[in-house]
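The primary structure of each chain is shown beneath.
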Amino acid sequence: MSEAFGDRLRRLRKDAGAGVNPRPVGGEAESAAPTPLPAWFRERLGRGRDPGTAPATAPGSLGEPRELVEFRGARGVGTARVSRWELEHSHGAVPLASALQARGSDLALLGVDARLEALELGRALFLDIETTGLAGGAGTKAFLVGLGRFTAQGFELWQGFLRGPEDEAALLDECARQVGEAGALVSFFGKSFDRHRLEDKMRVHGIAAPFERCLHLDLYHPCRRLFGPGLADGRLATMEREIAGVERTHDLAGAFAPAAWYDFLAGRPHRLEEVFAHNRDDILSLVALAAELARRVGEAEREAWTPERALTLARCAERLRRWSDCRDWARRARFARPAPEELRGALELEARAAESLGDCEALAEVIAMARAAEEPELLARLERRLARAVRRSRGRAEGSGS
Amino acid sequence: MSHSRPPASPTPEQGGVRLARSGRSVPELEALLRADPTLAPRFSHWHRVPARAERSRELPESLDPRLRDVLLARGQTRLYEHQARAIELALEGRDVLIATPTASGKTLCYVAPLVQRLLESKGDARAIALFPTKALSQDQSTGLNALIAALGQEWHSFTYDGDTPPSVRRTLRDDGHIVLTNPWMLHAGILPNHAKWSELFANLRTIVIDEVHTLSGVFGSSVANVLRRLLRIAEHYGSRPQFILCSATLRDAAAHAKRLTGRDVAVVDEDGSPSGERIFGVYNPPLLDPVAGLRANALEEARRLAVQLCGPSRQAIFFCQQRTGVEVLTRYLKESAAEFGLEPDEIRGYRGGYLPLHRREIEEGLRKGSVKVVVSTNALELGIDIGRLDVAVLVGYPGSQASFWQRAGRVGRRGQPSLTVLITRSDPLDQYLSSNPDYLFSAPRERLGLDPDNLVILSEQVKCAAFELPFRDGELGTGSFRGAPHVPEILDYLSAESKLLLRRGDTWHWMADAYPAQDVTLAGGGPDNVLILDVETKKAIGEIDREGSLTTVHEGAIYQVQGETWKVERFDYENRRAYVRSVESDYFTEAEVDTTLRVLRLEKHAAREREAGVEDFAIHTGEVHVTTVATQYKKIRFYTRENVGTEAIHLPPEELDTQAFVLTISNETATALGLTGSERGAAWRGAGGLLRKVAPLFLRCQPQDLGLSTEVRSTHFLRPAIVLYDRVQGGVGLAEVLFESHRDVLNAALEVVTRCECRHGCPACVGPRAECGELGKTATRKLLEHLVSGSAARRVEPEGVA
Ligand SMILES: [Zn+2]
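Top line first, the protein sequences correspond to chains A and B. According to my numbering, the first sequence is numbered sequentially starting from 1. According to my numbering, the second sequence is numbered sequentially starting from 1001.
Note that these hints are calculated values from the structure, not bench results. Keep in mind the model is a prediction, meaning the values are calculated, not measured. Where a beta carbon is used, it is the ideal one built from N, C-alpha and C, also for glycine. If a hint is listed, it holds; no wrong ones were tucked in.
Below 25 Å or equal to it, Euclidean Cα-Cα: the simulated SDA-like pairs (lysine to any residue) are:
(1) Lys191/A to Ser1167/B
(2) Lys1499/B to Gly267/A
(3) Lys191/A to Gly1189/B
(4) Lys1499/B to Glu274/A
(5) Lys191/A to Asn1193/B
(6) Lys191/A to Pro1166/B
(7) Lys1499/B to Gly63/A
(8) Lys1499/B to Gly136/A
(9) Lys191/A to Thr1171/B
(10) Lys1604/B to Asn1667/B
(11) Lys1499/B to Gly133/A
(12) Lys1499/B to Ser61/A
(13) Lys1499/B to Leu252/A
(14) Lys191/A to Thr1164/B
(15) Lys1122/B to Thr1171/B
(16) Lys1499/B to Arg163/A
(17) Lys1134/B to Thr1521/B
Covered stretches of chain B (chain A as the covering partner; in silico rule of three or more C-beta atoms under 8 Å from a C-beta of chain A):
(18) 1194-1201
(19) 1459-1471
All chains should be modelled from the sequences, with the hints used to inform the complete structure.
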């Protein structure tokens, strides 16, 4: 049987006029060898082929991206580009330095994750990766890994880049080292995407993945919760415009990123420069978004809050059982001219928080509001809460008195 | 894991019929049938397999004491010889194939070693078990978890299939010790995402594959490659798992297992389980029209037999070939329930389309004895536990010896006689068996076509493998794909032409934004199949393969499903979709195709001479290129067969490159046999069609897996030629098997024509006279007689090939 196959392939190749079993010397994809296999076979083999691997239509650059420097680690040599900004630099409407003011408690509230109280943006890594596809699976590679961080002098962006697939282990190992050292990450949708792409590839290469014990603020969720309603979509580009006033002018759509890298590998003109820029802007936007969200929460009293957003934050505080924050945000919602529905929600939350705090005065105030709003059902529920709170506070007073 | 169950406890008697029918034993049933003046003559054959004593021994020494204690506590103090042998071999680390009939306790053969690996490794070892159906894997999971619980361990076995919710998948990946899944999930879900399963692969010790005899043809050849991928990934994570395979009795079991796994596998195939006497009857329905060769409908005959066979004190199973058969026969039998002394509820249908819960309930009813009669498709052929029943009726030969025995294996309680009746239909295969029942009871005769190196299948799978891990030069000589020829060429092709891979240094890397497993099916042709959609409901009503689509769903065709007629309004050839509308049509359509076959190259060659230097006939294997064009279709009235119009079909030709078996006779022989003029064409068509129909006796395939081209004067051979080709692009080894078994096939074909009682040809032999002509039958017979008489063809070593 096997003999027959040998003959067969040879014949098929001869038919097409190619030599017998030519073996390529390098990986030169542009080889214009005559088609050695019949049409049905080519068609089948080519199925799933990426249209993006066709030569780039737009003018691009040739050769390696500029300003790459080599790094050396336990798993070999890789390359990266390092860029720096002064602390005074603004991205959109937000000075990068303002991220350093962010308080952990506000970040924890935004991320609805109590562990994030320990998060300092000044020590965290801002992570964003570019991959060869969104489908996932073992064949998908992260060919550009952006890690931004604050330094003593300003803000520094490290963009680890795969010159070829053979550098993958070196790049992943270096990422694992940096992430492990920082122990804290900020990303946009990174808990669902970036982290898993890297983690999967690290497992394949036998590199210990550091993510499990890492603090991770994924900005996608707070952005979505607070600003999602009313926006067309939840993409980073939409959020950064809405929240941080960032306007990108020449952004390369993310879908072209794989093609740019394939063009580069094939020695064709490529648009990797735009991919680097896109990744850089994404990372700066992470800083701006984190800084801006934390600032608004931190300076809550000076901000104008829609009842909807204030209520969202009250619910976040509720999930964290941060009752005084919950009461304050519910109150902010109450003062922000809520619709009847929102008012009910706000009063209920405020009452819940007040009860948990044992603050009978605040509860009484909520009850007065409910009465004024002519909400009989709500009123009845709140009165039961008050009765419970009063009983409990009596119990406490007696307990401590005896 | 139990070998058998006690007979069903008798249910309270309900009246006269019930009382009268209870207590009739299987031998009494046989006597009754043999004495019945109408039925007795229709039994062309009776066969008895005497009761077989149990061959068993103590639990193997090498069994872990903890496992031994659990088995002893369950009352399992001895094992059947084959179980003990298989477990010992597996514990020695050998790859093992257990090829014994259904219900011989095969489960324990893999469960014991697999659990022992877990014990030895303190829970670190992992296992993957592949089952051909979801129902089977769920069945096994329950059994495994019970054993693990009895061992007091916290290990988990899970089924992982399309129904597994995403939230559970996560836990499964991290904590599943034994993953029960199927080849499709392994191919498209697990292997491409191996990083998520790295725990499993790093500690993978055992791969279990159940029902290995189902792995043939395109599917089997694909699965063999999926296993290559699996082993490759396991090796990457540092593990070398052992195989434990289970199957029905197989011909060339070791060779098949080797082709499938690439390893030398120890075969255990001597069944040590006891069996009561087994009685077999072959029932040939009466000939209604000797001229047309038409026999009484097999379902009707099944009902007739049921009157004798069904009753309250025993359990019977009826196997039908088609789902509709199940529905029809179930209805028939329920209507006659009172005649059998049964309640309609004690008679149940069972097939794949039923909801799992419904199926579980019927299985339970069969085990408990509350269901007395079940009518099933092949859904109950595989290892689902329904206990053992008393009587099996096979409505039609299931197409393979393995299936026949799997089905017959459903009956026979410990120490009690059982009865199996095969009802043969008006079909050459069935009629052959009716006159040659020995075929059924002899050692397996079919060879499984399996070719993991089929260029198309291999290259698709190499593509998937390259996505999973980069290919290195070094692994081509040592890795799991080492046995496969041309992997370097395929890799080069995938990089240079398809641009899916990039070669850097000694390594090929995946280089595309795609997930190839999504586009690669295991059953072959999948994405090429044409979906048939109802324009009104937008729902799919059927599916048809690429070649078949030319003649059945061209625009204007009348597509028939279960007696309903649909008119094809539009055939979107590019997107593989046909749009149909339900119509009341008084005609059906018949398309004409033009098939041109070009011989590209001949490989094996054997011939016989009439006299020195004059060839008599010759056989070859070789590669052919087949072009099929649909030219026109006729509208033909139902019943009258009046032609009411002819229209053209406009579709591009279908091209197929594949392997073929060729039979030619010399012009001298044709003349000597008097096969001239129209006779020659008729003989040729008749013989070709018949060979194709009886081929499944010797190679595991369906007649429709083989394409046929007969030429009175072949342009290549300049003489009459019959070409039977593999209808899979690239071929999966059927031609090869035909070449090896051609004499058996010719003999069987001759047997069928000789024995057939029709006058001028009928569906049970060479086809109706309308197709094969007045002389078709006699000419075919003359030809076949000549071919099988005298010496066999001798191999001719290749000199200058064409
Ligand atoms: Zn006949």
